[in-house]
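*Asks:* Top to bottom, those sequences are chains A and B. Per the working numbering: the first sequence = residues 5 to 237. Per the working numbering: the second sequence = residues 3 to 119.
Derived from the structure by calculation, the hints contain no laboratory data. Careful: at least some of the hints might be erroneous.
To be verified - Simulated coverage check for chain B against chain A, where a stretch passes if three residues somewhere in it have a Cβ under 8 angstroms from a Cβ of chain A:
hint, stretch
1, 60-68
2, 92-103
As the list claims (entries may be wrong) - Sample of chain A residues with no beta-carbon within 12 angstroms of chain B, all distances over it, derived:
hint, residue
3, 59
4, 86
5, 87
6, 91
7, 143
8, 165
9, 187
10, 195
Glycine included, each C-beta is placed from N, C-alpha and C at the ideal position.
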Amino acid sequence: MSEQPERDAANWASKVERLHVTEDLRRHGYNVEGRRVAGPQQGFGRLWQRTSMARLGEAVTPEALVADWRANFGSYWPSTAHFHGGIGGIQPGDVTPLTAGPMTTGILVLYADETSFTFLTPEGHMFAGMITFSASIVDGGTCARIDILLRMADPLVEAAWPVVHPAEDRFWAGTLRNLAAAHGVSRVRVEQTTTLVDGRRLWRNWGNVFHNAAIHSAWHAVSTPVRERRRPR
Amino acid sequence: MGSPEARMHVETLAPGAAVIAISGDVTSACEQALMSAHEEASDTGATLIVLDFTDMAYMNSGGIGMLVTLLVRSQRRRQRIAAVGLTSHYRQIFELTRLDEAIALFDDMSAVLESAR
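With these hints in hand, go ahead and build the complete structure from the sequences.
*Replies:* What follows is the structure, encoded as structure tokens:
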């Protein structure tokens with residue numbers, strides 16, 4: 005067994021037991037701080053493979069596209085959500101809070117290289133899964149892709165899947181359109197597919213509902229006045 | 003990157019146990035090869051599938067996603083998955099992604115066989 009450093013060692017996040025947000029992101033990180041990651045095996049609902057893809061032609065190389073995507077990730081999101089990333093762009097090991105509507109959760113940057121980067125969700129996130137953003141040459145042009153392998157995290161969000169699914173489709177299509185527009189490609193066509201990989205629900209993970217970020221976010225909002233009063237002045 | 007394509011070799015380890023030896027680069031591009039190797043291993047009647055990563059050169063996050071899919075297929079067939087030959091770097095990635103909760107990690111084949119007894 006070789007113990008030489010692997011050629012991709014710098015592309016991966018270092019092992020952590022629990023996630024920690026940096027001090028400057030602490031305000032938004034209350035649903036991430038101290039949580040563990042939760043991949044597809046730790047989720048509850050059916051396992052889905054979802055892909056969104058946009059062909060940008062020869063406007064930009066895959067490497068330049070991913071470099072820009074990593075540097076300005078949150079700015080390409082539709083206005084319905086906010087990514088609280090720092091100025092350093094997407095780097096392996098980053099723990100970044102995000103806000104979607106009234107819910108705050110976050111992601112861990114699991115992996116990043118010149119042509120792709122991958123997020124892993126924390127406990128409490130609506131999804132338990134991995135999401136990979138990548139670019140490659142397809143049919144002679146640059147193709148931007150978002151691949152999501154996910155289970156809904158708990159029974160409540162699994163029940164909401166019929167509503168979540170189309171909303172997610174719109175969100176990621178909007179992201180790819182914004183990315184394409186930034187590289188001079190307007191009215192790009194976004195192709196989306198959703199494939200059921202596993203129709204079983206993992207009932208052993210039903211207790212994920214106690215980490216549900218929507219519930220914790222609501223509690224955080226209503227308890228804010230009390231916390232403010234107790235804060236030392 | 004000039005990366006070596008992944009190759010899969012299936013062999014029987016013991017009655018009810020098969021090994022898939024993986025060499026080269028493990029990315030989502032080798033999903034078909036891994037799933038075919040899993041079919042071949044399953045056809046031997048194996049209930050324990052051992053993934054041997056000793057000769058693996060590299061794995062990216064697409065490779066991790068592919069292993070999740072393999073796990074689902076194996077669980078449907080009531081098979082257990084084990085892994086041997088991971089370097090400490092990749093062992094930590096299995097632990098970080100919590101894949102080690104579903105894929106038992108071993109130092110070598112004798113440890114796998116010992117656990118199967």
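*Asks:* Against this structure, judge whether each hint is valid.
*Replies:* Verification of the supplied hints:
1. Counting residues of the stretch 60-68 of chain B whose C-beta sits closer than 8 angstroms to any C-beta of chain A gives 7, which meets the bar of three, so the coverage hint holds.
2. By the rule of at least three residues with a Cβ nearer than 8 angstroms to a Cβ of chain A, the coverage given for the stretch 92-103 of chain B holds, with 9 such residues.
3. Residue 59 of chain A, annotated as away from the interface, keeps every beta carbon of chain B farther than 12 angstroms; the closest lies near 19 angstroms.
4. Its beta-carbon lying about 24 angstroms from the closest one in chain B, residue 86 of chain A satisfies the requirement of being farther than 12 angstroms from that chain.
5. Non-interface call for residue 87 of chain A relative to chain B: holds, since the shortest CB-CB distance, roughly 19 angstroms, exceeds 12 angstroms.
6. At the 12 angstroms boundary, the C-beta of residue 91 of chain A stays outside the reach of chain B, the nearest C-beta of that chain being 24 angstroms off.
7. For residue 143 of chain A, the shortest C-beta to C-beta distance to chain B comes to about 17 angstroms, beyond the 12 angstroms cut-off, and the non-interface label holds.
8. Distance check for residue 165 of chain A against chain B: the nearest CB is about 18 angstroms away, which clears 12 angstroms, and the non-interface claim stands.
9. Remark: the non-interface label on residue 187 of chain A is consistent with the geometry, its nearest Cβ contact in chain B lying 23 angstroms away (cut-off 12 angstroms).
10. Interface exclusion of residue 195 of chain A from chain B stands, the closest Cβ pair being 17 angstroms apart, more than 12 angstroms.
In summary, this structure violates none of the numbered hints.
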